[in-house]
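Asks: Listed below are the residues making up each chain.
Protein chains: 2
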Amino acid sequence: MATTAVIRRGPPEQKVREKLHSAAARVFARKGYATATVREIVEMAGVTKPALYYYFGSKEGVYKAILETGFRDFETRANAVEKMKGRASIRLRRLCREVFALMQRHLDVVRLMHSFYYGPPQGAPFFDFDRALFRFHDMVGKIVRQGVRSGEFRGNPEAMTLAVLGACNECIDLELVHPEMAVDGAGFGRVIDVVLRGMERKDGR
Amino acid sequence: MATTAVIRRGPPEQKVREKLHSAAARVFARKGYATATVREIVEMAGVTKPALYYYFGSKEGVYKAILETGFRDFETRANAVEKMKGRASIRLRRLCREVFALMQRHLDVVRLMHSFYYGPPQGAPFFDFDRALFRFHDMVGKIVRQGVRSGEFRGNPEAMTLAVLGACNECIDLELVHPEMAVDGAGFGRVIDVVLRGMERKDGR
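Residue numbers (the working numbering), protein chains in the order written: chain A, 6 to 210; chain B, 6 to 210.
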């Protein structure tokens, strides 16, 4: 009954869910999983506690939902790039730009992911962050090796893969740590191009 | 009197200090500043509490000492590279390899730095992590611009700077997050070389 009242009184259903979703992402990212409370999340979202329990069941539920949404979004984009044909450098640039844009949109999820990897244990429910990390790593590696086979790239595939991943992560980290120094999509494209230029086979060399 | 007893009974003075230092770095890096205790640190170091108070004064004292040692080491290496003459690409490669080697040796400090930037607030005493971050960023940027002026590099200096920093950070992150995939010094050199090749001016282009 309480939840019905919440829905009737408040903004349309989808909006409440979205508000809770982004408020929770912000609270978790700022305070960490352990010390974040349902009260803070609902206060930031401007809704009542029963709304959170209705849509997500619990603090754990909203945490998992945030991560799953971000990762599903990544999978969708990764799958789209995987279907592309053509030059490896174009597909690589496209993949990186998609991932950069995605991370810009899910900065709080990226921050949660970083705090999982680098921060102290938070008692948060298990989430397989490695799956996405490896998926991105493997996709970049695969396109790099295709480019080497087709004669488009030259060099050590592992080194080229890490250089590409480094360019992506550096620009995301800058956004997290020093947003005042962050680059936009065009700036990010220039960073990736430095690395791609270093991978391209030059005639006469 | 207690501290004197500790020193007399235990290993030589310098060794006790070093043991406490590295045990504390490990405990802070694993548990975060807030939940780490003096008891855990001394147990891991295999010494008694008074030894920690004698050498570092407090939990805060040992925390600061760890960070200051790491950053002093960085400053020493940065200053040495700054005095180098010659081609920008050689100085850049040298700087990056020095920083990579340094970070490999101070992995726990790097982990603390990451958890400061990405993790939840830990109530740790203030430490100016940005100083070293900016110093490295500025040094790379300066050598890149010198290389552009001398005609050695071609491209956007900011993009080239981020590509170089990305290569360094990627290899360090791999060591922190997936040590089984980490690269050694030679592997790191190959990653940096991909980026440097992308920065070099090619004749006829």
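Among these hints, one or two may not hold up.
Copies of the same chain are indistinguishable here, so a pair counts whether it falls within one copy or spans any two.
What the hints assert, rightly or not - Simulated crosslink set (DSS-like; lysine-lysine; CA at most 27 Å straight-line):
#1 Lys64 with Lys36
#2 Lys64 with Lys207
#3 Lys88 with Lys147
#4 Lys36 with Lys69
#5 Lys54 with Lys69
#6 Lys207 with Lys24
#7 Lys88 with Lys24
#8 Lys20 with Lys64
#9 Lys20 with Lys36
#10 Lys90 with Lys54
#11 Lys207 with Lys54
#12 Lys54 with Lys147
#13 Lys54 with Lys64
#14 Lys147 with Lys20
#15 Lys64 with Lys24
Treat the hints as calculated values from the structure; they're not laboratory data.
A quick note: this is a predicted structure, and the numbers were derived from the prediction, not measured.
Asks: Now tell me if each hint is right for this structure.
Replies: Okay, the hints, checked on the actual structure:
no. : hint              : verdict
1   : Lys64 with Lys36  : both (13 Å within a copy, 23 Å between copies)
2   : Lys64 with Lys207 : neither (54 Å within a copy, 56 Å between copies)
3   : Lys88 with Lys147 : within (13 Å within a copy, 41 Å between copies)
4   : Lys36 with Lys69  : both (16 Å within a copy, 23 Å between copies)
5   : Lys54 with Lys69  : within (18 Å within a copy, 41 Å between copies)
6   : Lys207 with Lys24 : neither (51 Å within a copy, 52 Å between copies)
7   : Lys88 with Lys24  : neither (34 Å within a copy, 54 Å between copies)
8   : Lys20 with Lys64  : within (19 Å within a copy, 47 Å between copies)
9   : Lys20 with Lys36  : within (24 Å within a copy, 38 Å between copies)
10  : Lys90 with Lys54  : neither (49 Å within a copy, 64 Å between copies)
11  : Lys207 with Lys54 : neither (61 Å within a copy, 63 Å between copies)
12  : Lys54 with Lys147 : neither (46 Å within a copy, 53 Å between copies)
13  : Lys54 with Lys64  : within (11 Å within a copy, 39 Å between copies)
14  : Lys147 with Lys20 : neither (39 Å within a copy, 48 Å between copies)
15  : Lys64 with Lys24  : within (15 Å within a copy, 41 Å between copies)
Of the numbered hints listed earlier, those contradicted by the structure are 2, 6, 7, 10, 11, 12, 14.
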